[in-house]
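Take the sequences, apply the hints, and build the full model.
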Amino acid sequence: MTAASAPALAISGLSKSFAGVKAIRDLSFTVPRGVTTALIGPNGAGKTTVFNLVSGVYGVDAGRIEVHGADVTRMPSRKRISTGVARSFQNIRLMPHLSVLENLLVGQHVRASSLADLVTPYRLFPNHRWKREARAALEESGLGRWADETVSALPYGVRKRIDLVRATLAGASLLMLDEPAAGLNPSETNALRDHLKALMAKGVTLLVVEHDMHFVESICENVVVLNFGEKIAEGPLSRVRQEKLVREAYIGTDEEA
Amino acid sequence: MSGYLTGVLVVLAFNVIAAYAVYLPLAAGQLNLGIAGFMAIGAYAAAFLTNEYMWPMWAAIPVGAALAGLVGILIGIPVLRTHGIYLAMATFALGQVIAAVFLNLEVVGGAAGYPVTDYAGPYVVYAAAAGVVVLMLLISRTRFALCLTAVKSDATVADLLGVSVRGVKVAAFALGAAVAGFGGALYAHHYSFVEAQHFNVLLSVFTVLYVLFGGTQTVWGPLVGAAFFTLVPELLRASDQWRYALFAVFIIVFMAVRPQGLVTASLFRLFRRKAEAA
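Keeping their order, the protein sequence lines are chains A and B. The first sequence begins at 0 in numbering that gives the first Met the number 0 and counts up one residue at a time. The second sequence begins at 0 in numbering that gives the first Met the number 0 and counts up one residue at a time.
Errors might be hidden in some of the hints.
Stated by the list, open to error - Some, not all, of what chain B presents toward chain A, calculated at C-beta under 8 Å:
#1 158
#2 159
#3 163
#4 268
These are calculated hints, taken from the structure and not from any lab test. A virtual CB, placed ideally from N, CA and C, is assigned to each residue, including glycine.
Written out as structure tokens, the structure reads:
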């Protein structure tokens with residue numbers, strides 16, 4: 000399969016245990032290019048573990064992971080960004096002491112990591128192309144005024160979106176978001192949704208872990224439901240939420256109830 | 000310039016160079032407690048080349064620095080697998096081992112010390128220290144420095160963004176070792192004498208203290224820290240002994256209240272904002 004026709008993400012037979020506890024069992028699903036997909040399930044279902052396996056934070060026990068047709072299963076985590084896969088964390092992981100602009104410059108690393116790039120004293124040039132590019136990306140998302148602020152001083156919703164800009168600058172074409180809407184107020188949630196829709200319009204494929212079903216409904220075409228590390232349902236949210244297994248996973252079986 | 004002042008400024012220059020040797024790996028979150036060992040490598044290597052092969056010191060000193068850097072790479076690769084307190088212990092032991100090796104190496108005089116035939120005057124030392132500071136300022140303006148901060152701040156995220164965390168750590172450790180070797184080589188040629196006992200634990204620990212006091216967030220921290228710890232005790236020298244105790248109390252209180260050090264990134268932003276407002 001060529002990279003152009005390959006799905007953004009293809010997972011097959013994926014398994015992972017931690018100290019004998021099976022966190023992911025024989026999991027297979029695909030995220031077609033351009034189809035915003037939600038990964039949902041009760042707490043502890045293994046959603047974040049899937050992100051950690053795809054991004055390479057953990058190694059897999061068994062199975063295969065392909066990003067845009069490239070097998071990344073055994074690829075070192077730091078090389079995976081070059082296949083276009085990027086992720087966010089549940090707690091935003093920006094560098095708190097650095098300015099917004101500097102955080103974005105770290106995001107550019109994958110495209111500017113030759114020895115010459117590393118030793119260029121770019122900060123001596125007020126209008127260096129890297130800074131211009133980062134500022135332009137911020138302006139485009141309506142965040143331009145925060146460029147020189149220290150990250151730790153910014154509102155939560157703004158930080159979440161700066162995380163997205165950083166991933167964009169890293170060239171992300173498959174973006175995995177871990178609870179993007181958690182902790183946001185309604186207006187921040189709307190801003191985030193607009194931001195994500197702009198990314199989708201640019202051709203970025205999103206895989207979203209999210210508990211807020213209204214949010215999922217508003218951006219996701221497809222849903223994959225996990226429970227105890229296994230896929231129990233897959234399809235459009237309206238259909239999936241009718242399925243017996245899904246209802247049981249969320250509200251318990253009839254016997255328990 | 001009086002001999003006394005010259006002497007103090009020379010010590011300041013050496014302390015500044017040593018501080019930057021500690022700063023580079025620390026900027027990536029790696030505490031090297033064996034910096035004196037790398038100074039010893041540079042000092043003995045350069046002195047040996049000057050004495051035995053009649054090398055001019057302008058060639059011997061950079062080679063001494065390079066050799067210390069090379070040892071930094073070779074040792075850094077295994078040692079940097081450890082983290083935190085274990086890395087501190089490993090580098091601490093390393094510094095001790097290197098000094099002990101030179102203490103027993105008869106070809107460079109062993110415990111009797113090793114006189115050096117060539118001499119670097121005070122202005123050479125000042126210029127060398129200024130050169131190191133300028134080099135560090137330049138480095139701090141690069142992506143490499145940004146990678147150091149990223150690795151220190153969040154190694155997982157830096158890795159996922161494509162930064163070679165191990166590569167950055169080893170590079171910072173080896174560059175720091177090379178700077179230490181440079182300072183050691185220069186030291187040997189200024190004082191015309193090397194002895195292994197000089198490169199002891201206290202030298203490593205004091206140098207780390209300069210850097211922590213000055214602050215590791217910006218490139219100015221080590222300079223400020225080294226200057227503070229060199230000059231203030233000199234000012235106290237003429238006074239009563241009890242003022243030294245006061246100095247010690249001040250350091251303890253300061254580090255408790257401001258663990259991030261004297262010079263921080265937010266301090267710079269504050270000044271810049273005030274300058275813009277004015």
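Status of each hint after checking the structure:
Annotation: interface hint on residue 158 of chain B holds; nearest CB of chain A at approximately 5 Å, less than 8 Å. Using the Cβ-Cβ criterion of 8 Å, the hint placing residue 159 of chain B at the interface with chain A is satisfied: the shortest such distance is roughly 6 Å. Contact between residue 163 of chain B and chain A, as hinted, is supported at the beta carbon level, the nearest pair being about 6 Å apart and thus within 8 Å. For residue 268 of chain B, the suggested interface contact is upheld, since its CB lies about 7 Å from the closest CB of chain A, less than 8 Å.
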